[in-house]
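K.L.:
Input sequences plus hints: build the corresponding full structure.
In numbering that gives the first Met the number 0, the protein residues as written are 0 to 282.
Rather than coming from a laboratory, the hints here were simulated on the basis of the structure. There's no promise every hint is true.
As the list claims (entries may be wrong) - So the derived label-pair ranges between C-beta atoms look like this:
no.	residue 1	residue 2	range
1	Ala-166	Glu-272	21 to 27 Å
2	Lys-183	Asp-161	22 to 28 Å
3	Asp-56	Ala-198	40 to 46 Å
4	Asp-124	Ala-21	44 to 50 Å
5	Gly-243	Val-92	25 to 31 Å
Backbone N, C-alpha and C fix where the C-beta goes; we use that ideal spot for every residue, glycine too.
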Amino acid sequence: MAEPFWRDPYVLMVAPNGARRAKADHPALPMTQGEIVEAVAESHSAGAHAAHVHVRDENGQHVLDADQCLRLSDALRSRCGDDLIIQITSEAVGRYTPEDQRQLVRAVQPEAVSIAFRELFAATDDDGKNQEFVHWAAQNRVAIQWILYEPADVAALASKVDCGVIADARSVLFVLGRYTQGQKSVPADLIPYVTDLKAHSAFQNTRWSACAFGAAETACLAAALSLGGDARIGFENSLWHADGLAASSNAERVAALVDLAGGLGLRSATPSEARERLGIRQR
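P.N.:
In structure tokens:
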């Protein structure tokens, strides 16, 4: 059997719920801790290496709650074992401040966290606090994945790496079509991101991933995997298969992308390879 034509393996992260969708959007969207654990466990069995998780309050609203994050992480670890990578979110959703985000991460000390670059650096006078925070994260082996909402964020992140505020951006996530009309993504949205990333010396050791909205999510993520990137998939960003039909579950979306990747001759990462690609160091 021929070796896959890409030397590096791929990583799939499932994003089962996000901050905004609810049961009215899809009856299988997980909102409670038990539902999230079940959805992630099914997705892990289907081929997801990692889970990007949001917690909700009793009213179903997205919250940055350290205790809930810790309880969910413990439940996921108990159910799925040590191979699963658990990435918490720090998404502000227009309510939380950069200090709220930093406090959450310090309290939880997760193995991985996603941080929107433009949210954490929303204030021009926060460079000192953020430099200290990023250094703390590295010292405590908290792997940051920088979320980039548009290609202009690539150069902005590079400037913080070049001046030493961020020592090393090991992992980034490209959000495709975030500001397009109707929030619909197309594979061509990848081109400016990848081009800009390759143009900056600050990103020589950076691994990238992508997520996308709408029925074109599958095509966008197939393009990302074909270009040597990784993929984040799930109900946070899209509820639909490539044919426009709604998926029955997050695991069904993961399985569809795993099948597609196999057809492209791509190899799924081992647990240790997945952690390396996401910049996660053993504790």
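K.L.:
Could you check the structure against the hints above and give me the numbers of any it violates, in ascending order?
P.N.:
2 and 4
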